[in-house]
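Please arrange chain B on chain A, whose structure you already have, making use of the hints.
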Amino acid sequence: MEKKFGVYICKGCGIGEAVNIDELKKTTAGGAKIAAEAIREHEILCSPAGLEMINNDVKEGTNCIVVGACSPRVKFEEFDFPGALTERVNLRELVAWTMEPNTEDTQSVAEDYLKMGVVKLQRGDLPEPKILEDLSSTIMVVGGGFTGLTAALESANAGYKVILVEKEAELGGWGAKLYKETPRTYPYDKLDDPAVFGKIKEAEAHENIRICKSTVIEKTDGQPGLFDVTLRTNGSTETVKVGSFIMAAGWKPYDATKLGHLGYGNPNVITNVQMEEIAKKGKIIRPSDGKEAKNVAFIQCAGQRDMNHLPYCSAFCCATSLKQAKYVREKSSDAVAMIFYKDIRTPGQTELFYKNMQNDPGVLLTKADVTGITDAGNGNLYVEAENTLLGEKIKVEADLVVLATGIVPATRAPQEYLDGLAAATLKGDEAKKNYIEGTEKPEFILNLAYKQGPELPSEDGYYGFADSSFICFQYETRRTGIYTAGCVKQPMTMVDAASDAAGAALKAIQCVEHVAKGIAVHPRAWDATFPDPMMIKCTSCKRCTDECPFGAIDEDEKGTPFFKINRCRRCGTCMGACPERIVSFKDFSVDIVGSMIKNMDVPDEGYRIIVLACENDAYPALDSAAIKKYKLNPSVRIIPVRCLGSTNLVWVTDALSRGIDGLILLGCKYGENYQCHFVKGSELASYRFGKLQETLTKLQLEADRCQLMQVAISDYDALPKMIDDFVARIEEIGPNPFKGF
Amino acid sequence: MTEQIIKPDVKFINDIIASGGESVKKCFQCATCSVVCNVTPDDNPFPRKEMLQAQWGLKDKLINNPDVWLCHQCSDCTAYCPRGAKPGEVLNAVRQLSIKHVSMIPLFAKIAQDPKLIWLLFAVPIVLFYVVMRFAHHETLEFIRLGENMDQMVYHMFIPADPHMNAPFPLKMIFALTAVFSVLSAVVGVNRLWTGMKAQAGQLKSGGNLMEDIISSVKTIFAHSKFADCNVNRLRQWGHMLLSYSFAGLAISGILALIYSYLFNITGPYALTNPMKLLSQASMIAFLAGIVILIYNRFTQAGKAGMGSYFDWIFLSIVAGIGATGLLALGFRLANMSAGYAAFYLHFVFVWLLLAYAPYSKFAHLFYRTTAMVFAKYSGREGKQV
Chain A
231 MEKKFGVYIC KGCGIGEAVN IDELKKTTAG GAKIAAEAIR EHEILCSPAG LEMINNDVKE
291 GTNCIVVGAC SPRVKFEEFD FPGALTERVN LRELVAWTME PNTEDTQSVA EDYLKMGVVK
351 LQRGDLPEPK ILEDLSSTIM VVGGGFTGLT AALESANAGY KVILVEKEAE LGGWGAKLYK
411 ETPRTYPYDK LDDPAVFGKI KEAEAHENIR ICKSTVIEKT DGQPGLFDVT LRTNGSTETV
471 KVGSFIMAAG WKPYDATKLG HLGYGNPNVI TNVQMEEIAK KGKIIRPSDG KEAKNVAFIQ
531 CAGQRDMNHL PYCSAFCCAT SLKQAKYVRE KSSDAVAMIF YKDIRTPGQT ELFYKNMQND
591 PGVLLTKADV TGITDAGNGN LYVEAENTLL GEKIKVEADL VVLATGIVPA TRAPQEYLDG
651 LAAATLKGDE AKKNYIEGTE KPEFILNLAY KQGPELPSED GYYGFADSSF ICFQYETRRT
711 GIYTAGCVKQ PMTMVDAASD AAGAALKAIQ CVEHVAKGIA VHPRAWDATF PDPMMIKCTS
771 CKRCTDECPF GAIDEDEKGT PFFKINRCRR CGTCMGACPE RIVSFKDFSV DIVGSMIKNM
831 DVPDEGYRII VLACENDAYP ALDSAAIKKY KLNPSVRIIP VRCLGSTNLV WVTDALSRGI
891 DGLILLGCKY GENYQCHFVK GSELASYRFG KLQETLTKLQ LEADRCQLMQ VAISDYDALP
951 KMIDDFVARI EEIGPNPFKG F
Chain B
1266 MTEQIIKPDV KFINDIIASG GESVKKCFQC ATCSVVCNVT PDDNPFPRKE MLQAQWGLKD
1326 KLINNPDVWL CHQCSDCTAY CPRGAKPGEV LNAVRQLSIK HVSMIPLFAK IAQDPKLIWL
1386 LFAVPIVLFY VVMRFAHHET LEFIRLGENM DQMVYHMFIP ADPHMNAPFP LKMIFALTAV
1446 FSVLSAVVGV NRLWTGMKAQ AGQLKSGGNL MEDIISSVKT IFAHSKFADC NVNRLRQWGH
1506 MLLSYSFAGL AISGILALIY SYLFNITGPY ALTNPMKLLS QASMIAFLAG IVILIYNRFT
1566 QAGKAGMGSY FDWIFLSIVA GIGATGLLAL GFRLANMSAG YAAFYLHFVF VWLLLAYAPY
1626 SKFAHLFYRT TAMVFAKYSG REGKQV
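So the sequence lines, in the order shown, correspond to chains A and B.
Just add 230 to the spot in the first sequence (first one is 1) and you have this note's numbering.
Just add 1265 to the spot in the second sequence (first one is 1) and you have this note's numbering.
Isolated chain A, as found in the complex:
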């Protein structure tokens, strides 16, 4: 493509008052080698007249458009020129609103940004989407419980073919084992019949849904739009092609045999799951002697919110116990149900059910730490508790005790197995590895043929739940095209599971639609670029295959990395990882950012500092600081990057060798409660940076010249000072000794 440039400078929103526009046009023409007549200004560029000016040039053949106006985060609909390469230079937020007006420094900042914008387009190219062939838009739903059935119906009703895989012989999961359900409609006072049977009927009759019962997934190969899934049903196998997955593999009850301290083992101490079975048969008959139970104690959080068992809350057990208290009361009017809780947690409308149940004189509730369940003779039991609101240690006699046990996600066992193996392999502990391999292999669910492992990867602090913990991003996992819903993701009630299933269905649909257009899925859902490695230079070091947060890069038979483009989220982590610097995107590459750095003006006097800012959180935080009219230090130049994970260390070398005095990597918080849109970006940057700082010290450059800072999007008020403190530290260290070389 022959490039024809047009540079458009907006004078509105205070830019014209803060910057000398004539001077800016002149320096841009000189510094960036742009014809003076191709540089235009407008009072309000986003006005119809301003946009008409640009569009007229586009018609005349201008195909590289540099818009020097507001932040790229705003007015993206106005400044959209299909077919042309467009770069937004943020003269408003990062110059006019954050710098002292009409100073030499301010003018220089504006010049640098505009020049870098031009350079970016000089080095970049117009993206062309890569659309793979023979794409499937079929959605595979894993798990035929309430969530899976809902997800299948939602997808099928939206017009997509669905294959529903259930390992059991019957559909319905736990939902089909319930006697009744907590009320679903106002006034939330009557128990409902299980909803799952209606869904089974509907799904079985649906023309878009194919149901595979007694079926497990033997192997999942490929990528979104092109997954080849091998199914095994009663010994025979079959391979089907699907576009995306909804993972609703559900949960298992926590192993109650570990709850001996709560009396489990005594026949009259049962779990909430057993209580459903009993209620389904009729009267509440206790197991030991067949006597009808009239004083039933419910122990909430049994083995839950307890570091020795399940550390989390399973979300529905309070409502479940209230529901089962209603079984007790409805089946026998003189029966009493006593509930001992840590806190009653009845999310959403179940609160109204709680209020209704509370009003029943025969339902007694108290906060308590249950210290033990002891024998009271005749098969009865004493519930012993302390820290009750009744003020003392108490002892209450019951003829049946129900433990509100929690849920363990179906993903936990395979994750623990795989993590154990990986840790043993990493440590070179053969004995441990052999031991783990000798234990019974848990049920795997997806059996992914991915280099990074066969199941959804575990996350620290998520206890085996298949939750990516993407803040704000429900359903996402670290395997593109596989979306989770229901209790495999996090504990939830059935009402929540229903809406969760619908949400996951929308994501699965979005995935097949996006791969059909050759654009990325969440979070860069507009992005038509893709990593395009120059494979002849690849040394097969496999750093990219290890570091890709989404397992998008497999290896071929020879061990050479192989990009599965539809798995890619376009974060650029591979680009940051590659020591050969062979991974590029059309509008984002090692060369593009390197050239921007190299074309920046580095003064002999004063300091120049580069901030590589993550465009997901750090850059919006800077914009927010600008909206608040906080002042930013004029010695810094901000360059947005897709993710800190895309930061290639050669940029640091480029900068320092040019005499840049310091460099900040401004990214998201990592570790537990990380906020990275690409899960591992700033963590990987920090890891790489750690190595770099050692190198700097060896070169007798102060390690402090480079610093990684973690910010949340809400830290905008702290940002200016963080940057000022860094500049002050650089001034303390003194100028870069390479300056002027």
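Some clues are possibly wrong.
Said to hold, decoys possible - With a straight-line cut-off of 27 Å between C-alpha atoms, the simulated DSS-like cross-links for lysine-lysine are:
id : chain 1 : residue 1 : chain 2 : residue 2
1  : A       : Lys623    : B       : Lys1463
2  : B       : Lys1272   : A       : Lys623
3  : A       : Lys561    : B       : Lys1272
Simulated from the structure, these hints should not be mistaken for lab results.
Values in this document were obtained by computation on a predicted structure and should not be read as measured data.
Frame of chain A; chain B shown alone:
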């Protein structure tokens, strides 16, 4: 902390619900009530714990609990309760059950508290005074008919007040006997409550000086200083003060009347300047003002404090009935209208109800709250200085 075996009593929960505490189960133990309460002791404050005890039907813990009586039903708790559990109303219901529990004759408590027995409540004095009027002085009905021709109405001719005219059951004697019954009931009830509270409290913190504690409690009661701590029912302080002072005044004048007739053989009607008559007139004005304030407060604060129960309203109605019939009897007499006889008759029906059921109706709070206040000081539950 000792381990206590808890025995939930669903019947007791249902009793509380039936006695005006229908909101008891709504409480979710946030303790806002205990925080906003200005009359609770700081240590282990009520009414949160009482709410839970009530929800669990822990009858033993509530029935002999001085805290239930230390509550003055300011209703600040009810006004601030985020769940509409109305702790003030619940404690009122518990007090009602406590009165029944310690009562000398439980049937009387039942008649006083059960709305279904309201007919029996009124039937007894209606019949009683009819009998007095009809048989003690059989010319009575004739007398009323003739009354129109008399210069001045004389009520004691209608129902004999004093032991003369061969009246076997003169009014004063009936009331004296009723008072003896009431006092006896109260003594038995107070003794049962005291014993129960003592047993419930176990080892007392401090062996207080009983006399000192009684004096201090009576001072508090007379000063109405507890009522002053209330926010929602602030106005009630004045209504209650006027009413209780008037009761004291009427009690004194009543005793004086007995002394006049039985010791000095001076019979009525008494001159309006008689000190006894003056005291009773002043008390009557205070009485009327007090009951009007109390009922006004009830209605205006109902949104915050709740509407109250049958137990409250039957008591208020009797008190208001005394005021109204007393006033009418006086008015009719001065106007020389024979309708006064009916008012006079009803007046004594109401007065008798108040007196006879004093230890069984809401009036019993006079005895039991006083007992609990003394006990709270005696046992060290509450500081002596208020």
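Each hint, compared with the structure:
{"no.": "1", "hint": "A/Lys623 x B/Lys1463", "in the structure": "holds (21 Å)"}
{"no.": "2", "hint": "B/Lys1272 x A/Lys623", "in the structure": "holds (14 Å)"}
{"no.": "3", "hint": "A/Lys561 x B/Lys1272", "in the structure": "holds (22 Å)"}
The structure agrees with every numbered hint stated previously.
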